[in-house]
Every structure is written in C-alpha cells, then in structure tokens.
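Here the protein sequences come in this chain order: A and B.
Going from the first sequence to the working numbering is simple: count from 1 and add 32.
Going from the second sequence to the working numbering is simple: count from 1 and add 32.
Among the hints, erroneous ones may be present.
Claimed, not checked - Once the Cα atoms are required to be at most 30 Å apart in a straight line, the calculated DSSO-like pairs of lysine-lysine come out as:
| # | chain 1 | residue 1 | chain 2 | residue 2 |
| --- | --- | --- | --- | --- |
| 1 | B | Lys46 | B | Lys59 |
| 2 | A | Lys59 | A | Lys46 |
| 3 | B | Lys193 | A | Lys193 |
| 4 | B | Lys193 | B | Lys59 |
| 5 | A | Lys193 | B | Lys59 |
| 6 | B | Lys193 | A | Lys59 |
| 7 | A | Lys59 | A | Lys193 |
Rather than coming from a laboratory, the hints here were simulated on the basis of the structure.
Number of protein chains: 2
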Amino acid sequence: MSLTQAILTSLLEKPCTGAELARRFDKSLGYFWQATHQQIYRELGAMERDGLIAAHGLPTARGRQRHFTVLAPGRAALETWCAGEGELRPIRDELLVRMRGAAVLGTVDVSAELRRHQGLHHEVLQRYEAIAERDFPSGAQRSTADELQLAVLTAGIVYEKSWLAWCEDVLAGPAGD
Amino acid sequence: MSLTQAILTSLLEKPCTGAELARRFDKSLGYFWQATHQQIYRELGAMERDGLIAAHGLPTARGRQRHFTVLAPGRAALETWCAGEGELRPIRDELLVRMRGAAVLGTVDVSAELRRHQGLHHEVLQRYEAIAERDFPSGAQRSTADELQLAVLTAGIVYEKSWLAWCEDVLAGPAGD
DNA sequence: TACGCTTGTGCAACTTGTTGCGCAAAGGAG
DNA sequence: CTCCTTTGCGCAACAAGTTGCACAAGCGTA
C-alpha cells in the first residue's frame with residue numbers, strides 16, 4: 033500500500049508527530065492520497081515495528097507526543113518502491129453510475145447534479161491553481177524536485193479541468209440538439 | 033454504496049445470474065465502478081433480504097444458478113438514489129505518490145514509469161474509443177438514454193486523454209530545458 | 001459408468017478505509 | 001489550585017474490498 037510510502041515521504045520532508053502528519057495529509061499529500069488520522073496512527077505503529085521509522089517517546093504512553101523520524105531501512109524501502117511499477121487505478125465515480133442508472137430508468141434528470149459537480153470541480157481547480165501560483169510562480173528558477181512537485185500539482189489541475197470540460201460538454205450537448 | 037445501484041441498473045437492463053453480472057461488470061459497468069464476484073454475491077444476498085430483488089432458485093442450493101430480477105422497491109430505490117447528490121471522489125494515484133517521493137529522495141528517475149503509464153492510458157483510451165465507435169457511431173440518431181450512456185463513455189475518454197496529455201507534458205517539460 | 005473440466009455459488013479470512021468514542025497531557029481562566 | 005478546553009494518541013467496531021479455497025452441478029469424453 034502507498035500509505036506507507038506517503039508517510040515516509042512526508043516524514044523525510046520533516047519529522048513530526050502523528051497529528052502533524054494528519055494535518056499535512058489534509059493540506060498537501062492528501063490531494064492525491066487521502067488518509068484519516070486512524071489509518072496514519074495504525075500505519076505508524078506497523079512501520080515502527082518493522083524498523084522503518086523510530087520515535088522518541090514511549091509507545092504505550094497515551095496522550096504523549098511521539099515524534100517520528102525515518103531510519104535508513106525506511107529510506108531504502110522508499111527508494112525501492114519509488115523506482116518500481118504500479119497499476120492504473122480505474123475510474124470509480126458515483127456520478128457516472130447515476131447517469132447509467134438514469135439512462136435505464138428514463139425518468140430521472142441528472143443535469144442539476146452535473147451542474148453541481150461542475151461547481152465543485154471548479155472550486156478544487158481554483159484551490160490547485162492558487163497553490164501552483166503561490167509555490168511555483170511562473171518564470172521562477174526551479175530545481176528538479178520542484179519540477180516533480182509541480183508536475184504532481186499539474187496532474188490535479190489537468191484532472192479537474194478535464195472534468196469541467198466534460199460537464200460543460202454534456203450539459204450543452206443534448207440540450208443544444 | 034453505489035454497488036447496490038450499479039447492480040440494480042445492470043439487472044434492469046437484463047435480469048441474470050450472479051456470474052453473468054460479474055462478467056458484465058468486467059466488460060461495461062466495471063469501467064467506472066469495479067466489483068469482484070464476491071462483492072456481487074454478498075450484495076445480491078443483502079438486496080434479496082431487503083426485498084429489492086428476487087431470485088428463482090433456492091437461496092441455499094450451492095452450485096445452483098440463481099436468476100435475479102428487480103422488484104418494484106428496487107426500482108424505486110434506484111430512482112431515488114439517481115436523483116440524489118454525491119461527493120467528489122478525490123484523486124488517489126500511486127504514480128503521484130512515487131513522484132512526490134522521488135522529489136524528496138532526489139535519487140530516483142520516474143520517467144520510465146511515466147512512459148509506461150502513457151502506454152497503459154493509451155491502451156485504455158483505444159478500448160473506449162472502439163466501444164464508442166461501435167455502439168454510438170457518429171452521425172447516428174440517438175435516444176436520450178443513448179446520450180447518457182455516451183456521456184459516461186466520453187467521461188472515460190476525456191479522462192484518459194487528459195492523463196495522456198499530462199504524461200507527455202511532464203516527459204517533455206524538464207527534458208526540454 | 002467413471003473421470004476430469006468448466007461454471008456458478010458461496011464461505012472464511014484478511015486488508016484497507018471509516019466512524020465514534022475515550023483517555024492523557026498541556027495550557028489558559030476563574 | 002481547580003476547572004475546562006484543546007490537542008495528541010489510540011482502542012473498538014464496522015464497512016468495503018480482496019484473495020483463496022471449497023463444494024455442487026453440468027457436460028464432454030473415454
């Protein structure tokens with residue numbers, strides 16, 4: 033699972049506690065790999081057991097901050113994994129199921145839901161574009177790491193733009209006939 | 033969960049057995065909502081208990097074909113659900129995690145994996161376009177149901193095209209500097 | 001009839017992801 | 001100092017999705 037690797041990546045950027053990790057997932061990493069704080073704590077425990085990361089603080093002390101750092105085996109594991117291959121994740125979209133259902137039923141209008149999605153995608157797009165403008169202003173000098181991070185962000189932008197274009201297309205198409 | 037609704041949709045198109053459903057999921061529905069045969073059988077059992085569908089055949093007879101049909105409550109449930117609202121599913125992509133990891137490590141080259149993904153997306157795109165051409169040839173007269181089904185298929189095409197464009201862009205960008 | 005292959009069905013066990021709650025520590029307000 | 005709120009941590013239970021196996025029936029073949 034990629035959760036391990038996402039956590040390793042985040043911890044390499046800056047060692048921190050589980051709660052801080054959860055916050056970072058909500059902000060940046062989570063845009064392309066989501067995780068709840070429970071998943072994160074569970075995974076941190078497993079990774080600690082496997083010797084990928086280490087913590088200062090007693091493992092059993094509840095309510096006690098535990099600061100995690102990546103160990104050499106953790107870094108090695110991430111390197112191996114990043115150089116490896118992965119599958120494509122197929123689309124899994126409720127809206128499309130709704131439309132397929134509407135096609136069979138013939139009694140349901142999905143255009144309102146389409147417009148709502150258009151709005152939602154627009155919001156997300158604007159958020160991504162704001163981040164891109166803030167962190168990677170056009171014309172600035174960029175390192176290789178920056179290029180990669182920007183590419184990831186661009187994936188999100190392209191993704192949202194394509195959904196937006198599709199929504200527009202579907203809404204315009206049948207009506208314009 | 034949309035699995036219930038996806039099954040209802042498929043059964044409305046044509047009543048059939050669990051195995052046949054599984055095959056249909058692999059072929060058409062599964063392009064935007066996947067399910068294994070286990071999920072399907074489990075769900076069929078629950079839906080039968082809830083009175084959404086009915087089967088000819090004994091529930092406990094193993095190895096015995098059970099043919100399912102949608103009942104009125106099932107159709108009503110699908111109508112209600114299709115007219116409802118849903119959340120956006122955020123991106124969840126391993127490749128992007130790999131790239132973020134590579135950005136932090138600085139020792140990993142992801143271009144080979146990018147090219148591989150480009151190829152995979154290209155394959156999927158061609159499959160979708162073949163289906164579109166076969167089932168909805170351009171210029172033909174189309175019903176409202178056809179328009180909806182085509183829109184769903186178009187979503188897949190747009191999706192794959194946008195990933196392809198992104199792969200191309202990322203591969204060309206940093207190299208062309 | 002006996003044998004093996006394929007198909008349809010389903011149990012069991014596991015992993016991953018989600019939700020809700022509880023407890024401990026820290027820090028501010030009375 | 002005591003009370004209360006916030007923050008960090010984690011258990012427990014559940015829902016969804018995956019994997020592997022097992023059993024029954026049908027069918028072709030010897």
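What are the numbers of the hints the structure violates, in ascending order? Every hint satisfied by this model.
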